[in-house]
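In order, the protein sequence lines correspond to chains A and B. In terms of my numbering, the first sequence opens at residue 1498 and continues consecutively. In terms of my numbering, the second sequence opens at residue 1498 and continues consecutively.
Where hints are given, some of them may not hold.
Since the list gives no way to pick out one identical chain from another, each pair is judged satisfied if it fits inside one copy or across any two copies.
With a straight-line cut-off of 16 angstroms between C-alpha atoms, the simulated EDC-like cross-links for lysine to aspartate or glutamate are [stated by the list, open to error]:
{"#": "1", "residue 1": "Lys1575", "residue 2": "Glu1707"}
{"#": "2", "residue 1": "Lys1755", "residue 2": "Glu1773"}
{"#": "3", "residue 1": "Lys1553", "residue 2": "Glu1693"}
{"#": "4", "residue 1": "Lys1515", "residue 2": "Glu1504"}
{"#": "5", "residue 1": "Lys1536", "residue 2": "Asp1692"}
{"#": "6", "residue 1": "Lys1755", "residue 2": "Asp1778"}
Because the hints were derived from the structure by calculation, they are not lab data.
Protein chains: 2
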Amino acid sequence: MQLWYSERHTQNVKFSIKVDKQLFSGQSDFQRIDVFDSKEFGRFLTLDGYMMLTEKDEFIYHEMIVHVPMAVHPCAKKVLVIGAGDGGVIRELVQYQQIEHIDLVEIDELVVEVCKKYLPQTSCCFGDERVHIYYQDGLKYIRSYENEYDLIIVDSTDPFGPGEGLFTKEFYGNCFKALKEDGIMVNQHESPFYDEDAIAMQRAHKRIVESFPISRVYQAHIPTYPSGHWLFGFASKKYHPLKDLNEIKWNMLGLKTKYYNTRLHLGSFALPNYVEELLRDVE
Amino acid sequence: MQLWYSERHTQNVKFSIKVDKQLFSGQSDFQRIDVFDSKEFGRFLTLDGYMMLTEKDEFIYHEMIVHVPMAVHPCAKKVLVIGAGDGGVIRELVQYQQIEHIDLVEIDELVVEVCKKYLPQTSCCFGDERVHIYYQDGLKYIRSYENEYDLIIVDSTDPFGPGEGLFTKEFYGNCFKALKEDGIMVNQHESPFYDEDAIAMQRAHKRIVESFPISRVYQAHIPTYPSGHWLFGFASKKYHPLKDLNEIKWNMLGLKTKYYNTRLHLGSFALPNYVEELLRDVE
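The task is simple: from the sequences and hints, build the whole structure.
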C-alpha cells in the first residue's frame, strides 16, 4: 500500500508526501485538523488540508519569525503571539530570559490540544510560567489594547478561512495601537512566486505600509511551503531591521539555532529584483 | 483529461506539474529528452525525467550562476561553459561587452537542437559570434587546457548519468589548471535539504575545497528544484566573492536582471547554520 498526502500549491502544481499513517483527523469549530507521520518529514500538521508544519523543516519558519525581531529590539519584555497554536513560536521565545510575559491568542483550542498530544517538538513549552493562552479571535483580542506590547508576532494561516481577519487594515492598525512606542510587529507574509500568493503578499504589504512608518520584508527557504520561497514582514515604529540589529548582543546570548544567524539576518532582507518590484508596486 | 508530470524529489516526496501537452520526447546517445508545455511554468525541459528548467523560473538559476562571478572578476574576457546546452548561461554572458570569447562544451548535441527549436527563451543567443560550441565530454575537454580561462561555469546535471564526471576531483583539479592565475570557477552545487542531495553537495564541496584556495557557497530560491533551496559553488584562485565584489562597477553596466542584484549577491553567501555545518564537516 502507498498513502500519499498531496497539497495543490496552485491549481496546476501539486506537492506530495508519502505518509506512513494518519495519527489524527478531526473537525473543530473552525477547521479540519490532521496529523500524519511520514518518513521524509517526520510528523506533520495540516489545517483544512494545507501544510502548517513538519518536524523536519519547522525550525526554519519558527526561528525566522522570532529571532529576527528579537535581535533588533533592544529589550522586548512583553510579547503577543497571534495564531501559533502549534507552540513553535513559544518554544523559540522562551529561550530569552529578558522576556517577562507572553500572551498567546489562538482561535482554535483543538489545534493546541492536538499539538500537545502529537507534536511535542513544537508544543514543548506551553508550560512555561510566562505563557498565557487565550482562545479568542486575534482580530477581536487586539482591539482592546493600547501601548501594551514590545513585540507582536502574527503567525497566521493563509488569508482565507480563520486567518482572513489577520490580513486586514483594521487588524494591522490595531496592532500598531497595541504596540509600545518602539514596538515591532512581525508577520508571515506569504510567498512572492505563484501569482495567487503574490497577490495576497502584495495586499498584506500595502496595508502594513499604510499602518507602520518602517516596513520591510525578509525571506527564508521553507521547502514544504508553496515554492519554498517564503516571506516575512517586519513592521516597526522605531527600529530598523538592519541598522538596529545588535549582532554582538544577540550572539552573546549563546542561543542554539539551526537556521538563523546574524549574518543570515542581514542577508535575508536582500530580496530578488522581481520581489522588490512586487513590493514597490504597492508602496 | 488531466496530464501530470511528476518528479520524485526523494523516494518519499513528489512534485507534480499539470501539463498541457508534450512537445518533444526523444532519446539521445546520453539521455532521454522531453519538452512539455504547462500553464503554470510555461515550457519546461527534462532530462531522464529530471527537471532542468522551466520558462517561469529559469532566470533565477541562470542569473545566479553567471552574474555572481562576473560581478567579482575585474575583467573576465575568456569564459568556458560546461553543460548548459539550453543556452541560458550563454544568454546572460553575452550581455557583457567585455567578454571576447565563450567556449561552450556540451556532451549532448540533441539537447542544443531541441532547445533551439522549443526553448527560444534560453537558446536565443547561440548565434552570438563570440560563442563556440564543442560537442564533447567536459571532463575530457578540460584536460588539455592550461592557464586559458578567466571564468569556468559548470552548469552540470546531477552527479549521476552524463553529469557524473563533472563532480570528480580530477575534473575540479583540471578546471583549476585551465584557469588563469586569477580565475574563478562556479558550479551548480546541489541542495542542502534532502539527505541524498546534501551528501552529493558535501562530496562536491570537499573536492572543490581540496582543489581551490578560496571556496565559498551561495544560495538561491529555485522553486522547481528539489526543496527549492539550491546552492552554487564559488571557487577561486585569487578573488573573494564578497570582498572583491565591485558593486558600483557592476551596477554601472546597467544590465537588466529579474533576480540578481548586488545586495542579494552579498546576502546569498549568508547561509543557514545547518548548511554551514554540512560544509564545515567536509572542509
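Structure-based check of all given hints:
1. Lys1575 / Glu1707: Cα proximity of Lys1575 and Glu1707: none, with 25 angstroms in one copy and 50 angstroms across.
2. Lys1755 / Glu1773: between (27 angstroms within a copy, 10 angstroms between copies)
3. Lys1553 / Glu1693: Between copies, since 15 angstroms is at most 16 angstroms while 26 angstroms is not.
4. Lys1515 / Glu1504: both (12 angstroms within a copy, 13 angstroms between copies)
5. Lys1536 / Asp1692: For Lys1536 and Asp1692, the Cα distance is within 16 angstroms only across copies (12 angstroms; inside one copy 31 angstroms).
6. Lys1755 / Asp1778: between (34 angstroms within a copy, 15 angstroms between copies)
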